[in-house]
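*Asks:* Guided by the hints, dock chain X onto chain P, whose structure is given.
Going line by line, the protein sequences match chains P and X. Following this note's numbering, the numbering of the first sequence begins with 464 at its first residue and continues without gaps. Following this note's numbering, the numbering of the second sequence begins with 464 at its first residue and continues without gaps.
Fair warning: there could be bad hints in the mix.
You can't tell identical chains apart in this list, so a pair holds if it fits in one copy or across any two.
In silico EDC-like pairs for lysine to aspartate or glutamate, Cα to Cα no more than 20 angstroms straight-line [stated by the list, open to error]:
{"hint": "1", "residue 1": "502", "residue 2": "588"}
{"hint": "2", "residue 1": "502", "residue 2": "528"}
{"hint": "3", "residue 1": "504", "residue 2": "489"}
{"hint": "4", "residue 1": "504", "residue 2": "490"}
{"hint": "5", "residue 1": "502", "residue 2": "481"}
{"hint": "6", "residue 1": "504", "residue 2": "479"}
{"hint": "7", "residue 1": "504", "residue 2": "572"}
{"hint": "8", "residue 1": "508", "residue 2": "479"}
{"hint": "9", "residue 1": "465", "residue 2": "525"}
{"hint": "10", "residue 1": "508", "residue 2": "490"}
If you are wondering where the hints come from, they were derived from the structure by calculation, not from laboratory data. All values derive from a computational prediction rather than experimental measurement.
Number of protein chains: 2
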Amino acid sequence: VKDMVLAFAAAWNRHDMDALAALFSEDAQFVNVVGLWWKGKAEIKAAHEFTHGTLFRSSRLEVSDVSVRFPTATIALARCSWVLEGHVNPEGTALSARNGILLIVVQHDGHRWWIIDSQNTDVIEGVISRPQ
Amino acid sequence: VKDMVLAFAAAWNRHDMDALAALFSEDAQFVNVVGLWWKGKAEIKAAHEFTHGTLFRSSRLEVSDVSVRFPTATIALARCSWVLEGHVNPEGTALSARNGILLIVVQHDGHRWWIIDSQNTDVIEGVISRPQ
Numbered sequence: 464v465k466d467m468v469l470a471f472a473a474a475w476n477r478h479d480m481d482a483l484a485a486l487f488s489e490d491a492q493f494v495n496v497v498g499l500w501w502k503g504k505a506e507i508k509a510a511h512e513f514t515h516g517t518l519f520r521s522s523r524l525e526v527s528d529v530s531v532r533f534p535t536a537t538i539a540l541a542r543c544s545w546v547l548e549g550h551v552n553p554e555g556t557a558l559s560a561r562n563g564i565l566l567i568v569v570q571h572d573g574h575r576w577w578i579i580d581s582q583n584t585d586v587i588e589g590v591i592s593r594p595q
Numbered sequence: 464v465k466d467m468v469l470a471f472a473a474a475w476n477r478h479d480m481d482a483l484a485a486l487f488s489e490d491a492q493f494v495n496v497v498g499l500w501w502k503g504k505a506e507i508k509a510a511h512e513f514t515h516g517t518l519f520r521s522s523r524l525e526v527s528d529v530s531v532r533f534p535t536a537t538i539a540l541a542r543c544s545w546v547l548e549g550h551v552n553p554e555g556t557a558l559s560a561r562n563g564i565l566l567i568v569v570q571h572d573g574h575r576w577w578i579i580d581s582q583n584t585d586v587i588e589g590v591i592s593r594p595q
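Isolated chain P (complex conformation) (with noise of 0.2 angstroms):
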């Protein structure tokens, strides 16, 4: 499962969103960090395929902390925390790093596993709720 988590980053650095996709299940659900929410593989391909041809081009994902847990022999929720770095604005200047927290649901189908579902979240610092 950890190395579920290895391989999406893996993935990310590479910019190749065909072994990105492959993680997941086609009927994956993704929530990204501003709350759009992606139902499918094909959506949640396209959406990386468009973010790494532009804002993440050249943008580089460090996972840590990766927590591990099996509710059932078949299910595992993995966590982990991210800093992203390299990404830059819509109009191409370059963007101090993030960081956040990666949530993936995934399921063994007797064969291999798969991410079923995917849910992230950027962390504020120094807050308890988002600032407006």
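*Replies:* Quick look at chain X alone, frame taken from chain P:
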């Protein structure tokens, strides 16, 4: 499972943190909208007691679009959109409504459902990644 989402919102709106905590398993984890990573029912309860004594004291949470999937018979993934109103900043000034997406992972132990994991993400409109 949908009732678990509605019970979360109902406990929030009564600001009844005993009822809210009672939805969670002892080893549940919760990542809030700014990436605070609470581990265990006691941490989840203490954090919500703090915010419901301050920022969220008079807040109201409305959930919609509850989506439930069952990867196995005893595990469910429930995701909903939410709108929060009536909250204030640390200085007590009223803030405008904000919205987000909450995921809960629930497990049935043979007697009842428990929230074993939760991750929350604010919606930021009009962008595909976090503005910096």
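*Asks:* Any of the earlier hints contradicted here, and which numbers?
*Replies:* The structure breaks none of the hints.
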